[in-house]
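K.L.:
In order, the protein sequence lines correspond to chains C and S. Heads up: the first sequence begins at 1 in the UniProt record's numbering, then just goes up one per residue. Heads up: the second sequence begins at 1 in the UniProt record's numbering, then just goes up one per residue.
Keep in mind that a hint or two might mislead.
Remember, identical chains collapse to one label, so a pair may be satisfied in a single copy or spanning two.
[As the list claims (entries may be wrong)] Under the rule of at most 27 Å between Cα atoms (straight-line distance), these lysine-lysine pairs were calculated in the DSS-like manner:
id, residue 1, residue 2
1, K63, K156
2, K71, K156
3, K80, K423
4, K156, K40
5, K40, K80
6, K63, K423
7, K76, K63
8, K116, K100
9, K63, K80
10, K116, K156
11, K100, K71
12, K100, K40
13, K380, K423
Derived by calculation from the structure, the hints in this document are not laboratory data. Fair warning: this is a prediction, and the values are worked out from it, not measured in the lab.
Single-letter residue listing:
There are 2 protein chains.
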Amino acid sequence: MQRELLSRKAACNAHGQDSSYFLGWQEYENDPYDPISNPKGMIQMGLAENQLCFDLIETWLEKHPQAGGFKRDDGKRIFKELALFQDYHGLPAFKNALAKYMAEVRGNGVRFDPSKLVLTAGATSANEILMFCLAEPGEAFLVPTPYYPGFDRDLKWRTGVEIVPVLCSSSNGFRITRAALDAACRRAQERRLRVKGVLVTNPSNPLGTALACGEIDALLDFVSSRDDLHLVSDEIYAGAAPEGFVSVAEVAAASASTAGRVHIVCSLSKDLGLPGFRVGAIYSEDEGVVSAATKMSSFGLVSSQTQYLLAALLGDGEFTGRYIAENQRRLRERRRRLVQGLEAMGIGCLEGGAGLFCWVDMRHLLRSTTFEAEMELWKKIVYQVRLNISPGSSCHCDEPGWFRICFANTSEETLEIALDRLKIFIDSYQSSDTKGHNTSREFIKWVSHFSSSEFKSER
Amino acid sequence: MQRELLSRKAACNAHGQDSSYFLGWQEYENDPYDPISNPKGMIQMGLAENQLCFDLIETWLEKHPQAGGFKRDDGKRIFKELALFQDYHGLPAFKNALAKYMAEVRGNGVRFDPSKLVLTAGATSANEILMFCLAEPGEAFLVPTPYYPGFDRDLKWRTGVEIVPVLCSSSNGFRITRAALDAACRRAQERRLRVKGVLVTNPSNPLGTALACGEIDALLDFVSSRDDLHLVSDEIYAGAAPEGFVSVAEVAAASASTAGRVHIVCSLSKDLGLPGFRVGAIYSEDEGVVSAATKMSSFGLVSSQTQYLLAALLGDGEFTGRYIAENQRRLRERRRRLVQGLEAMGIGCLEGGAGLFCWVDMRHLLRSTTFEAEMELWKKIVYQVRLNISPGSSCHCDEPGWFRICFANTSEETLEIALDRLKIFIDSYQSSDTKGHNTSREFIKWVSHFSSSEFKSER
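Excised from the complex, chain C in its bound form (with noise of 0.2 Å):
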């Protein structure tokens, strides 16, 4: 009956909402952890979230009063014309500076012309309007797995495209090679679905590496097979990435047989942490993707207040620069430190220095080689151990074992502690794995410990 009255769309659950990504958010909603006032809550590592850096921006806000309030630098009003302002091909100021910014951020390697950027509210919205602008419903897009959970509601559930997952393996370190690809082809084929193209992360998420050049051009071949074919690039780890990174947008430049198939999304959510201000971009070199993608804007244009204050933010060159170095010094110390801390409980991960998490190798202390035991390891670490992670499961990992860990979205002091309660976990789970199932009961005697008040410098 319900069904009846609204649409599959709106009584399906095809957004992906129910996966245990989510679930393991609303778990920590419940009860987050606080060193105070709650040390034994729940400590959210499931969260891509770069809270590194707000003190830079904080120290430029404090010298530049004007931008977050509605006058220029020479004292003069604009909130009117900022009220109004709802062009959309946005203000002027901001695309130049965030083109300036996309191009510094990559290490100027490559040059965007603001006239082919669409700014979108947030990179959620960009994928969906490239899907919408590049395929039609029952067509399909490439994803390689694992993949960010949240594609299955950003690319499929209004746009009725498909995705089929071009599966990688830890093999070869997860990495993406033409064979894949064309397998993959070779399933849409079985089930009658048109691949209208690829679409990948760079740097990845959830497995926090960057593309090699090697992959891009296994990419850039696989498009160029068929003139038909499109690769969006969506980076918006590109502040998060290593030293070297290469972005599609800088080797699709220089192939001219994929002119104008090739597709960047951009956002400032995770390289400014600003994920609150809903600032999204697309970049084609497409005339016609440019074109429908700005008329789709209007279904979610930035807020004219904030394209101001980011104008000039990303406006002032001493800042990015400054930021941009200093985003990735803390982000590298902060991940080693992650890496390290996993080591010594004998727990590797992908070599990667990408993105704001790490994809943790779990495989030797699954019970048995199935997703049933992932979810039984991540249900523990979940409800006995109170971190939230999430399982390779819930980004459609091809093989059990694996789990994104974030790093980024909590003090150093507060990922101290996760890792102390992690170590203690697995060192009492390998041990139970012998004497029996006396998990529960260590973890809960030891987890009484940290009632106390002595995490109080966290805030």
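The hints should help you fit chain S onto chain C, whose structure is shown.
P.N.:
Chain S only, in chain C's frame:
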């Protein structure tokens, strides 16, 4: 070839932007009127923008500088908290204030529960989301004519939903009747379209009228005639309604037979003149709609920076009370001046007293009762008189000779100049009707007067 590479949505022009409604805007943008620098330029009367009360908001901002910045009243920084806030349920303080404001603007005849409110990046997105939630591609919504030209984009383009017009005519002041709704249903049947509901604008854009109680009753009666029909009431002009305005929400609250099938769309773009801030909302009593729409709002969330500012503004009851009254007073005064000026030229308006525009009857000025004649007159007004007004045909009006003229997006002085220009044109146009087509030369002679700087006072 291009059609193959991109989707049909991207390649087609179903977004409706090629209509005369938007063409007039382009013409304005190429040659915008300015009293000093471009006194012969185009005057924009095709834009339903409210510029009459910015002084009230600016004064409030002067007194509350922390709302625009990133500090609380107590001086505590709030930048980080806002930067990270991306919960699609919205800032509680903002939703509470918005719900309160929505009730106040409707004379407190109905209350709104913040938990049934979904924030969207403008009403554009709110309307599209409702279509995604309520209908399948290929199903239809009935929309009374004349209607906002943007609906062809907002309701149809990406959703695949069809619009079936409910033909309203001047014979009863373009009122919606049960007979007209039933006739539209029959036409939908002929097109083999399943009807899923009716979407109205209240107050109406472009009519400038509020729905009469009889019309709301007819609509609810129609919707309750089947158990799978919905009523969407787009009330983005509620703040520009005459005294005694009745929201569909108010009547629906008392109607058990349509419970959960009436959905209200709101926005701050027109009432507060803030289109650049992208704030819209859906209000629904149906849990399934609220839940699905909330998830869909991920594709266009409202910037947290903007939510924070508006929570403070709308949370100030002293301000909202004064603003609502003063805004209505100024709109009334401005509307009165336009109606009076047109009357002096022998041009009538539909009685309404709502919205930021009048629905103007120029049927007597057409060379013939055809849409070709309407376009001929419109082109003269755009290209010779240099006024951008919207022809009824762009609003899917069923009768040639009606035009929408906006009055709240310019200064009073500019309105007077527009009226002066129009009067000279009408006099000349009507006399040329008997003496021959000498309009253009007369008009060019006249417009050359406006090269002096006599309008300095305007800016």
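K.L.:
Look at each hint and say if it fits the structure.
P.N.:
Right, here's what the structure says about each hint:
no., hint, result
1, K63 <-> K156, "neither (44 Å within a copy, 47 Å between copies)"
2, K71 <-> K156, "neither (42 Å within a copy, 39 Å between copies)"
3, K80 <-> K423, "neither (56 Å within a copy, 31 Å between copies)"
4, K156 <-> K40, "neither (38 Å within a copy, 51 Å between copies)"
5, K40 <-> K80, "between (49 Å within a copy, 24 Å between copies)"
6, K63 <-> K423, "neither (43 Å within a copy, 54 Å between copies)"
7, K76 <-> K63, "both (18 Å within a copy, 16 Å between copies)"
8, K116 <-> K100, "within (13 Å within a copy, 41 Å between copies)"
9, K63 <-> K80, "both (24 Å within a copy, 16 Å between copies)"
10, K116 <-> K156, "both (25 Å within a copy, 26 Å between copies)"
11, K100 <-> K71, "within (24 Å within a copy, 29 Å between copies)"
12, K100 <-> K40, "neither (45 Å within a copy, 38 Å between copies)"
13, K380 <-> K423, "within (13 Å within a copy, 79 Å between copies)"
Hint compliance for this structure: hints 1, 2, 3, 4, 6, 12 are not met, and every other hint is.
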